[in-house]
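Peer 1: Protein chains in written order, with our numbering: chain A, 5 to 215; chain B, 7 to 644; chain C, 44 to 195.
No lab work stands behind these hints: they were computed from the structure. The beta-carbon is built from N, C-alpha and C at its ideal position, and this holds for glycine as well.
Chain A is nowhere near these chain C residues, computed Cβ spacing over 10 angstroms in every case: (1) Asp56; (2) His58; (3) Gly130; (4) Val141; (5) Val144; (6) Lys154; (7) Thr159; (8) Val160; (9) Thr173; (10) Gly175; (11) Asp176; (12) Tyr178; (13) Ser185; (14) Lys193.
Not everything, but these chain B residues come out facing chain A in the computed CB check (under 8 angstroms): (15) Glu478; (16) Ser479; (17) Pro485; (18) Gly489; (19) Val492; (20) Ile496; (21) Glu515; (22) Asp522.
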Amino acid sequence: METAITLEIDGKEVKAKEGATILEAAKEANIEIPTLCHHDKLAPYGACRICSVEVESGGRSQVVVACGYPVGKGIKVKTRSPRIDKIRKVILELIAPMLSDGGMGAVKRLAEEYKADVSRFMPRFRATPTRCILCGQCVRYCSEVVLLNAIGFVGRGTGRRVVFFPERASGYCSTCQECFSVCPTGKIGSETTGDVFSGFSIDDYLSGKMP
Amino acid sequence: MPRINSASELEKLRQEIRKKRDPKKLSIALCSGTACLASGCESVNEAFESELSKQGLEAEIALRRTGCHGFCERGPLVVIYPEEICYTQVKPEDVPEIVQSAKEKKVIERLLYVDPVTGKKVKREPDIPFYKNQQRFVFGPNRWIDPRSIEDYLYIGGYGALSKALFEMSPDQVLEEVKKADLRGRGGGGFPAGKKWEETKSAPGETKYVIVNCDEGDPGAYMDRSLMEGNPHSVLEGLVIGAYAIGSHEGFIYVRQEYPVACTNIEWAIKQAEEYGLLGENILGSGFNFRVKVHRGAGAFVSGESSALMSAIEGKVGEPKLKYIHTAISGVKDRPSNLNNVETWANVPLIINKGSEWFRSIGSEGSKGTKIFSLVGKVNNTGLVEVPMGMTLRQIIYDIGGGIPKGKKFKGVQTGGPSGGIIPEQYLDTPIDFDELVKLGSMVGSGGMVVMDEETCMVDTARYFIDFCCEESCGKCIPCREGLRVLREILTDICEGRGKDGDIEAIEEVAEVMADASLCALGKTAANPVLTTLKYFGDEYEAHIKEKRCPAKVCSNLINYYIDPDKCEACMICLRNCPSEAIQGGKGLVHWIDQEKCTKCGICYQLCPPRFGAVVKLSGETIPAPTPGKTVVRKKGG
Amino acid sequence: MIGVSGIVNRVVDKHGRDKDMLIQILLDLQSGFGWLPREVLAGVRKELGIPLTRVYQVATFYKAFSFAPRGRHRIRVCMGTACQVRGAPLIRDRVQQVLGVEPGETSPDMKFSLETVNCLGCCAMGPVMTIGDEYHGHLTISDVEKTLDKCK
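In isolation and in its complexed conformation, chain A is listed as follows:
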């Protein structure tokens, strides 16, 4: 018999299985929390931080990501508050310039809901918009579900990129294409029509040709 944990989300009493995350518990209770890097078939990643919620337990209040924080007895969760809304608004404003050449579509609804000014940081944006928010769903899907590891992360900081590995990709990717639908901004689908990942291979990255 699995233990049921009782917690409170937005004033509502919710029951969840032990070991469940706040995101899972909220979903069961039909409470919506936005996500950008989460996928039900993949292990929680915690990169976008947009699912941040406030958790109060033992008199202490902290901001945590719902996708990774385990439910606990008697914790009080707030999925909306001025603090949370500001976090989500700013996250959207921060990624908007990267999506400025298309790709905004996916995020547009969220931007409207949180009243994000998507052009706020555009004038100061000096990099090339890549349409990639580095959520890692494609990388993780290929690794954890397809078990192919044809696509991966390279670099770090603002130099972090997602690249394809032709040695692994050729022969498989043109028929698989599952990462296309997993990508929240539609970047992958927009880059290729088949098995030629021109411009986004590991060799392009190492030679400095990638923007």
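Using the hints, position chains B and C against chain A.
Peer 2: For chains B and C alone, kept in the frame of chain A given last:
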């Protein structure tokens, strides 16, 4: 070397070593810490070896290459024992004279340290004001030991604490002692070490790890380097004691690869300790087993963060872990792992030897013991200092540090590295204490203390730290990666004269979200330098944004170099050295700078003889028009 | 004569064929070859039995690794906080001006590689730059050209 198999055998060996050495015998210690190496102590060493060999004195005079003594400003340092006569800035040419005078028990006056306040020469190392005001319990032994010699360490009492812990105390008693001492982490967090040890000890699971964090990423901090290079056994001893208390049989020492000497010296220490039975199977015949492996870092500041470091030990990228569970419970390979900083571990043998009461007698109410700081930047006595917690910033910077060079005015002191803040003059009497500095918006951090004067621009300094974090962020989470990008763009614009209204508000909002929502402490604290400079030096930001002026005259876009025609004596030095040929004029003709050609390299400013001081920096003022063809009016009396 | 794959094999063996030792293995290979050629990385993938994505993710994450040979003289300008406060940016700018390469680049004739590093740990001598293993401290902007001449 036969293994030591009991506490009494260890003491017997120690007595033998002590009997063989005459403390009154003449010996020469040559500081071979990194700074002294960089200053050329290698050639001083060669000179000593050759001189001693030439005179056949190798048996009579012991030459010992020690780790860092801390007074890096005055290296290469040579200390003559037993009198402890200290010679500074020694050159290879000085060596024959040093050997001669040591033999004759004489002192070479010209090589002694001169106290700038009294003008007097100081003979003995401990009497030098730089050292006198310190309490060098942890760092002091560096002076007496060759890090490659386990016998040196045994000579000064090394591994006595381990023996006491293994044979006279139970693991719980060791844990209690460390808890009672209230030893707080020396790496940055200041978290109570005993508490972390306890959490690891009681976490479920047979296999537990203990880890030494020698990633020391804060730029300007090199305490851990000097401890690891100069006294690796002290760290090792502390680690084994901790492992015993916690119930761990396997450990890791993570050293950044930018410290090759530290890597070599700790590997050497491990090998020796194993030979002597002080590490490995059945330590000292106690039945306790513990083995340790060295992992080199590969160049990432973020991998100094506990969970990222543990990822690196697993051979992965140094990304912090998502899990909301302490690494003490689930760390390396999801097993309980206790990570502490080098200096924290090095304090453990002291606590076991001298007791928690002794440790608590030093320091302030909330912060016990001593802390090693790297006192660097615009300060006269640059080096590593160890002081009791509770000493004030002013005492450290002025009494020990000797104040600001060249008569410049103090502006601020940066503590806590890229996660810390810059503390202004009005708080100089704040005691160094984990909690006190947090109240000011900074932190003790790993111990880097960078002194800044009137010629440091605070906006430029904030931009520098943001730049650093941009490079070093792992890039996984949006608030940190993209937040830093935006902060960098805004601060660069402000420094280059493109600051706008609303910039400060944008900085503050982004900083707030970074602090709330980032995955790890790097992202959460990266904005601290910006926030503290805004708080304490807001007027500099105003000047940059509203007046396009840099009060400290640092930001190149906002300054111009200008030659005062009334001061210029047409000596031609700047003219000849200008790499862009931007200076016009000639012999007897006042020089002037063609602003179109000037690349702001700063060479003319640096080269103009101080007695003329004709080259000045202007900011936010109109540059007076040049007066070509003007002749110099030579001043009488030079 | 042992080939590339033989060397990789030896290094992987030295570290017990343990996947956890990937970074240590790459450090040894970087040190031996001076950079990480494609065949070396492919060899590591094969010998350790890990995905190629993981090898490259780690190799591109850490600054110690390079994917192109470095120049004969490796010049590193310290940009640590203490050196920063003592004027390191102007030193770096002057070095760039004199050498004609940006940090992270190697000169086309392979004579120089220029890097900026975060802290060399000899803050008392700041501003500092190293040329190979030689330290040059207390640098002034006008010293830079002479100092670099020494090894040209």
